[in-house]
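Trainee: For reference, the chains in residue letters:
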Amino acid sequence: MMWALSDTWQVVLRDVRSRIRMPVFIFMNLFQPVLWLLLFTQIFKSLSGSVAGEGISYLDFFAPGVIVMTVLFGSAFAGMSTLMDMDSGVLSKMVATPVNRVSIITGRVLANVLVGLVQALIVFVVAAIMGVRVATGMPGVLLVLLLVALLGTGFAAFSNGLALLFKRTETVMATTNLLTMPLMFMSSMMMPSQALPDWLNTVRQFNPVDYAVVGVRNLVLYGYVWTDLWKSLLVLGAFAVVMVVFGTLMFGTRAE
Amino acid sequence: MSVIEAKALTKIYPGDIKAVDTIDFHVNAGEIFAFLGPNGAGKTTTIKMLNTLLMPTSGTATVAGFDVAKNSAEVRRRVGYAAQDVGIDEHATGRENLSLYGHFYRLDGRTIKARVKDLFELVDLAGYEDKMVSTYSGGMRKRLDLAMGLIHEPQVIFLDEPTTGLDPQTRAHLWEYINNLARSMGVAIFLTTHYMEEADRLADRIAIIDLGKIVSLGTSGELKKSIGGDVVTLTPPVERDEELREFIKRTEAVLAGQPFVAEMKPSDGALAVYVNDGSSAVPDMMQILSGQGIDVKTISISRPSLDDVFLKYTGRTIRTQEGTRTNFAQLRRQANRRRNQ
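Residue numbers (the working numbering), protein chains in the order written: chain A, 11 to 266; chain B, 38 to 378.
Note that these hints are calculated values from the structure, not bench results.
Since we're looking at a predicted model, the values are computed, not measured.
Do not rely on the hints blindly, as some may be mistaken.
[Claimed, not checked] Restraint ranges, calculated between C-beta atoms of paired labels, are given here: (1) A:M191 with B:A209: 52 to 58 Å; (2) A:V255 with B:G223: 41 to 47 Å; (3) A:W19 with B:A106: 29 to 35 Å; (4) B:R143 with A:V255: 25 to 31 Å; (5) A:I30 with B:D155: 26 to 32 Å; (6) A:V112 with B:T97: 24 to 30 Å.
[Said to hold, decoys possible] Simulated coverage check for chain B against chain A, where a stretch passes if three residues somewhere in it have a Cβ under 8 Å from a Cβ of chain A: (7) 111-120; (8) 123-135; (9) 141-153; (10) 228-242.
[Claimed, not checked] Just a few of them, taken from the derived set where beta-carbon distance is under 10 Å, the chain A residues facing chain B: (11) W13; (12) D17; (13) Q20; (14) R27; (15) K103; (16) V105; (17) T107; (18) V109.
Where a beta carbon is used, it is the ideal one built from N, C-alpha and C, also for glycine.
Okay, chain A solo, but in the shape it has when bound:
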């Protein structure tokens, strides 16, 4: 157990270090969410008040969604670095050592979540500069980070599982692209649930992204809506656990 923790820490260090050495990627990941934040709030400005609720601008409504999106994009492609390790022979060299195998996955996922949280904070700051205020203050911000960390853990682990399952960059890329966009649109990220058709409201109940969006938005816009918050925490926690198990199983059986 001690070794599992120390191995995980070593893998986190390695991953975070290599990310910091290529800061350009961290900013590339941020580019899209920030662009959406700037553009969408202009395009849908006229919806302010009417769609998002009395006295709430579209910016206020959309900013929480962008924070979720940032973490989603950052973690959904986490498996790519595992694929790179596979292609370069790093992975097979690692698993030939006495390293705790689960740590290779958990370390990677953890590193991804850490970077994702930093990115989420940057988006937070951009949104704050644009005028978004967090209803629940600092404790709320911490809860927001917890919610997106769970979401990020789930998707990073899922992506690693996919990478090990397919072992091909093209397939993993295509699958991930196929999944992320619908997951975003089939949630209340861009439109409030009242404005969505019934079938979408049914679908989004099975979408982990939506639970993150609802949870984060409540904390930013309205304050502590405990029933929603607990639901989000539970669903996202379960999602994270299931995906970590999936990723670990894939690693156990498919890494050589």
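Given chain A's structure and the hints, the job is docking chain B onto it.
Mentor: This is chain B only, laid out in the frame that chain A set:
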């Protein structure tokens, strides 16, 4: 004392592909042992079974005294591995790469620091510890890769095609390091190669592996001796394949049954004739061939090389088998055709 002991070791991949077919061998402590064979012969599969990355389908292997299937954790602690692809992290420094493996091998910080220093000196990379690996040359990477497999002072190190893709100078350089390792650290080295010269220069004993089976095993001298005498290579003055085949067919027919001929094998654009004494056989051979009107462009006499050994046991030259990636299915088909002929 043997550090590797394989008994009837077998790996069958889905589709009934026998990558490794009931092989037996042992490797002594401090010995350099080479698996020589073309791509797809089963070399990498064997290494991966011995270092616990693959489960054998049947048979057993013990490495450093532990069964690879039942006690893989103990085996991993005692072996080092340098794969065909250099498994090092480009976006980290040499020291970071090496230290990470120190941690994975459960060494404490102080030991890691000391070993990193020693190993960088051993592989001649002192001064490059804190440079990014992306700035290393191919040879430097291979050397770092080698060092990474040594940080825990293993009893056995597996080197899968250690010099593939390196220029001749770097290759010769690397041979020196590998040799030094075995001699100075007493570590047993199990290496695979498809370079005759590499096996010849480095290995104490060589196993020739083809289509998953060990076809011959011994010291380089023993293997060459098993051919006996000299090799006379006859090259015809022809260019087209049909003409070459015709030449080989006619020459074989003419020379068959001659007392001085031990064996004949077609090789790259020529016919190899194994004889007891080259210098006395050549005049007789010339007389017989010219009497039959067979033209010969060049004749060369050579002491047998590992090339000839390989040709004798597998029926082909290793060069014709070289490719970038292993195509198992194709190799099996070729093998089956040959076996059925």
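Trainee: Work down the list of hints and note, for each, if the structure agrees.
Mentor: Evaluation of the provided hints:
1. A:M191 with B:A209: 52 to 58 Å: holds (54 Å)
2. A:V255 with B:G223: 41 to 47 Å: This hint holds: roughly 44 Å between Cβ atoms.
3. A:W19 with B:A106: 29 to 35 Å: holds (31 Å)
4. B:R143 with A:V255: 25 to 31 Å: About 26 Å separates the Cβ atoms of R143 (chain B) and V255 (chain A), which means 25 to 31 Å holds.
5. A:I30 with B:D155: 26 to 32 Å: holds (29 Å)
6. A:V112 with B:T97: 24 to 30 Å: holds (28 Å)
7. 111-120: holds (count 6)
8. 123-135: holds (count 8)
9. 141-153: holds (count 3)
10. 228-242: As far as the region 228-242 of chain B goes, the hint is violated, because 0 residues have Cβ atoms under 8 Å from chain A.
11. W13: Since chain B brings a Cβ to about 7 Å from W13 (chain A), closer than 10 Å, the hint holds.
12. D17: Holds, about 7 Å.
13. Q20: holds (5 Å)
14. R27: holds (7 Å)
15. K103: holds (3 Å)
16. V105: Because about 7 Å separates V105 (chain A) from the closest Cβ in chain B, which is inside the 10 Å limit, the hint holds.
17. T107: Status holds, d = 4 Å.
18. V109: holds (4 Å)
The structure shown violates just one earlier hint, number 10.
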